[in-house]
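Trainee: Protein chains in written order, with our numbering: chain A, 1 to 330; chain B, 1 to 263; chain C, 1 to 387.
In case anyone wonders, no lab produced these hints; they're calculated from the structure.
Errors might be hidden in some of the hints.
[As the list claims (entries may be wrong)] Residues from chain B that face chain C, not an exhaustive set, calculated with beta carbons under 7 Å:
1. 191
2. 233
3. 234
4. 236
[Claimed, not checked] Straight-line C-alpha distance at most 16 Å; calculated EDC-like pairs for lysine to aspartate or glutamate:
5. B:203 <-> B:28
6. A:261 <-> B:81
7. A:196 <-> B:163
8. A:219 <-> A:305
9. A:219 <-> C:346
10. B:261 <-> A:229
11. A:287 <-> B:163
12. A:318 <-> A:229
[Claimed, not checked] Pairwise CB distance ranges, derived in the manner of DEER restraints:
13. C:104 <-> B:152: 51 to 57 Å
14. C:361 <-> B:201: 27 to 33 Å
15. C:345 <-> A:251: 39 to 45 Å
Even for Gly, the Cβ is constructed at its ideal location relative to N, Cα and C.
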Amino acid sequence: MGADIWVYIEHAEAAPKKVSLELLSCARSLSTELGGNIVAFVPGSKIDQVIAAVGSRGADIIYAAEHPLLDTYTTDGYAAVLADAVRAESPAIVLVGSTAQGRDLAPRVAARLGAGIVTDCATLAWRDGKVLATRPMYTRKAIGTVRVTGGGPCIAVVLPAMYPLPDADSPRRPEVRRRPVHLDGKAIRTSVREVKSVHRETIPLIEANVIISGGRGMKGPENFAILDDLARALGAAVGSSRPPVDSGWVPHDYEIGQTGKTVSPQVYLACGISGAPQHLAGMSGSKYIVAINKDPNAPMFQVADLGVVGDLFEIIPKLAEAVRKAKSQH
Amino acid sequence: MNIIVCVKQVPDTEAPIRITPDGSGIDETGVTLVMNYYDEHATEAGLRLREQFGGTVTLVSVGPERAKEALRTGLAMGADDAVLVSDPALNGADHLGVARVLAAVIKTLPHDAVICGKLSTDDNATTVGAALAEYLGLPQATAVAHLEVDAAGTGAVVHREVEGGVEVLAVPFPALLTVERSLNEPRYPSLPGIMKAKRKEIKTLTLENLGLAAAEVGAAAARTALVRLSPPPARKAGRMVEGDTEQAVAAILAFLVDEAKVL
Amino acid sequence: MDFQLTDEHRMIQATVREFATKEILPRAAALDHSPTFPAEIIQKAAALGLMGMIVPERYGGAGVDAVGYVLVHEELARASAGVQTIITVNNSLVCDPIVYFGTEEQKRRYLPRLCSGASLGCYCLTEPAHGSDAMSLQASARRDGGEWSLRGTKVFVTNGVEADVCIVYARTGPEPGARGISAFIVEKRFPGISVGKVEKKLGIKCSSTAEIVLNDCRVPASNLLGEPGTGGKIALSTLDGGRLGIAAQAVGIARAALEEATAYAASRQQFGRSIGEFQAIQWMLADMATRTDAARLLMLRAAYLRQQGTRYTREASMAKLFASETAMWATHKAVQIFGGYGYIQDYPVERYFRDAKITEIYEGTSEVQRLVIARSILQMTKVTSDW
């Protein structure tokens, strides 16, 4: 097994996904111990723009695996290409971003190769010749430290926003190696009919840096408009706890918590959310938590970095105004 | 249609957990064990397919003897029968090992659809489903949020939740699906169902019954091991803002600018 | 002596707890503040098999035993005593007498629909002038060809508004007291039965309590339940089971009060600490917990005797008496622990306090329960009243 660290580059609309670029930083930190090359693995069709975008972010080598059948992601097509490449080149580690695609692909490839696989990694390190990963467990009530053992490659599926985006000015000019890809169309059993994007006024929750979230204290669907307004001012996404979804005030994709999404933004602003454990499970990974609630006993205050006991209907509109004013002054 | 649903027994997510003093795992005393709630959605999906096509729903689980209780929940929901693979050699097996064992069971059963939960809430891993699909040689669709099987039962069109949208995917049967919670609303085990489940059989198998060696699938074969379980980093104590609306707004703004640095 | 619940009991309890928490609890306050019949919840309860729990499977029931039954009712009442009342009446006061005293034909005709939620039952015994002294009721049933003609007024009929199947007790014979009474299965669609006044109550508001008026109500002869003159016996044996349901209701209400008061005591801060650290509050919680546990054990003991096939009248009375007085006492304490907030409808304890009161009254007042128990202890072989 070599010492190379591979980063699987997921891409859409001719651009690499943010998490894939973040993993180049992760690869950088691992390479100081492992000593091997950082290899960006780019599968797909018509991927020159993606290669160019990856090029300046710190990869030593770019493996381009191009084939018309890889035009759209399919498990069979991409698993075959990645597994073949890993088998041929024997990297020490393959880093995959924890996205729907990454989670679909990585375990399949691990099973095909008999590779050790660890998912939802928050941090990765190379210690005593082995990968050491930390990952959330028990709905975020604990952190597990996991060691990947045995010979052969290790596949690590890494959470987004755990590593910084590398600067796009790396002095490295990576070598681009185009790998031959042999794919039989008959081996690709599933077919993508279409990919529907969900048009939202605001940024998708999973990718947002700042999230403003409303709970039962919002009292009704029409009141989410004040959160939308603050979100526009801040460049934030709007989410909710479970009660507004159950009451039909907001659609299900707003929900953050055990039965909804898990988010880890820089800032989570909880408005009228009591802070039940099921909700905390979805957002306790936020770097900074601000809570506004009229109930001083709301459990949310126990996890908040900044807590305001007050009327959110007064505070939020005034905050939006203050944010716009502050921005216009810069 | 022959439907297989894979089920795991995990600690109830509603309850807090206690980590053992040596950090080797959780303290299981007094912990309520339940069916992984993603697997409830998988079981519900299986039951609905049976309602549509007839056939049987068989539950399969790998775990200790007490995992039978989780299987009973599925039987009480209406599944027809259940298989538990229980073997001390499986302590410390990794996800690929578990998937191999499940594959060995499922290969002996007719299967048109194999349904798993997207992840299990104890280790929060999304590995077993896709690995199982690989071992069974089945096409897969993961994170299924919507499922429409064609009238002949030869394939399905699924919606998968992807970042920023929905992927509409056609997948032929037999196939393996892992399901999202948004796929359906699992039925409660009805009281008649609970009473009937008492009479349904749970077959118990060991590795020997499956012709598998501990060295292939047990701890010795595991490529991952939990080194330590720790509590999440304690959050620094926060502060409460005193004062009126104006002061609150000013304090939040200052926090966003100076501390969180998002403005 | 094994105090462990069976696997089935634990699964039943866990399922109903989850159902009650998800489906009933979020609506409980609204159902009390703006009382409406919780039709959607009842349909879901029926789908779960809760409307005919002890009815044998072959008639559409769940075939659950008495211990399972009381465990279910404690969970339901913990979420909403009003919803639980609707369900317990359908089970103990309507399905049960049909199971034990009905003909095969009557069972096949009524039990499946009562279990499935297609029908709802009510129990018509009490009259304006005959409450505790129910066995001297005056509603009459006169044979007329292939039918009976029933006349009279029944009051305090739970589910009176929504029910379509009514168990009605009326006097058919000249004998005074219990021996002259017969029981009938009366459908609302039979001519001559109507709903009269609908009462506004202190608590359990989402269950309707109505007057049922019988004015030459025509009931086919095939709807006589049991032999003529056995109505008193049917009523009394039905009440044993009914009292189990009310004991469970009271235990559920007491537990709700205890759980809310405990959570409040842990979080409410006064004088720089949580009020749960003060002895006064601790003693109240300790007594609430002890009495609720004792009530639950009495409930389980009575249920256990029932499923052993042993006579359990005294034990059911003890359970009902003790549990209802515990619920009243515990909810009173819970309001006190909440202080001013306990008086305010935003918090659930005032509702528990109001809901608890009825458990000391219906299906035999606490005074009547004491008579039942005393007579049993004194082993009176001849009784002057039939309680």
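Trainee: Each hint should be assessed against the structure and marked as holding or not.
Mentor: Going down the list of hints, with the structure as the test:
Hint status for residue 191 (chain B) relative to chain C: holds, with the closest Cβ pair at about 4 Å, below 7 Å. Below 7 Å, beta-carbon pairs count as interface contacts, and residue 233 (chain B) has none with chain C, the closest being about 24 Å; its hint is therefore violated. Below 7 Å, beta-carbon pairs count as interface contacts, and residue 234 (chain B) has none with chain C, the closest being about 20 Å; its hint is therefore violated. Annotation: interface hint on residue 236 (chain B) violated; nearest CB of chain C at approximately 21 Å, more than 7 Å.
Using a Cα cut-off of 16 Å, the hinted pair residue 203 (chain B) and residue 28 (chain B) is violated, with the two alpha carbons roughly 25 Å apart. Restraint check for residue 261 (chain A) and residue 81 (chain B): not satisfied, since their Cα atoms lie roughly 33 Å apart, outside the 16 Å limit. Proposed proximity of residue 196 (chain A) and residue 163 (chain B) is supported: the alpha carbons are some 11 Å apart, at most 16 Å. Distance restraint check for residue 219 (chain A) and residue 305 (chain A): the Cα-Cα separation of roughly 25 Å exceeds the 16 Å cut-off, and the hinted pair is therefore not satisfied.
Distance check on the hinted pair: residue 219 (chain A) and residue 346 (chain C) sit about 14 Å apart at the alpha-carbon level, within 16 Å; holds. Of the supplied pair hints, the one linking residue 261 (chain B) and residue 229 (chain A) is violated, its CA atoms being roughly 20 Å apart against a limit of 16 Å. For the suggested pair residue 287 (chain A) and residue 163 (chain B), the alpha carbons sit about 21 Å apart, so the restraint of at most 16 Å is broken. Our distance criterion of 16 Å between C-alpha atoms is met by residue 318 (chain A) and residue 229 (chain A), whose separation comes to about 11 Å.
Look at residue 104 (chain C) against residue 152 (chain B): about 44 Å separates their beta carbons, and that is not inside 51 to 57 Å. One distance hint, 27 to 33 Å for the beta-carbon pair residue 361 (chain C) and residue 201 (chain B), is violated here, with the actual separation near 49 Å. For the pair residue 345 (chain C) and residue 251 (chain A), the beta carbons lie near 31 Å from each other, so the given range of 39 to 45 Å is not met.
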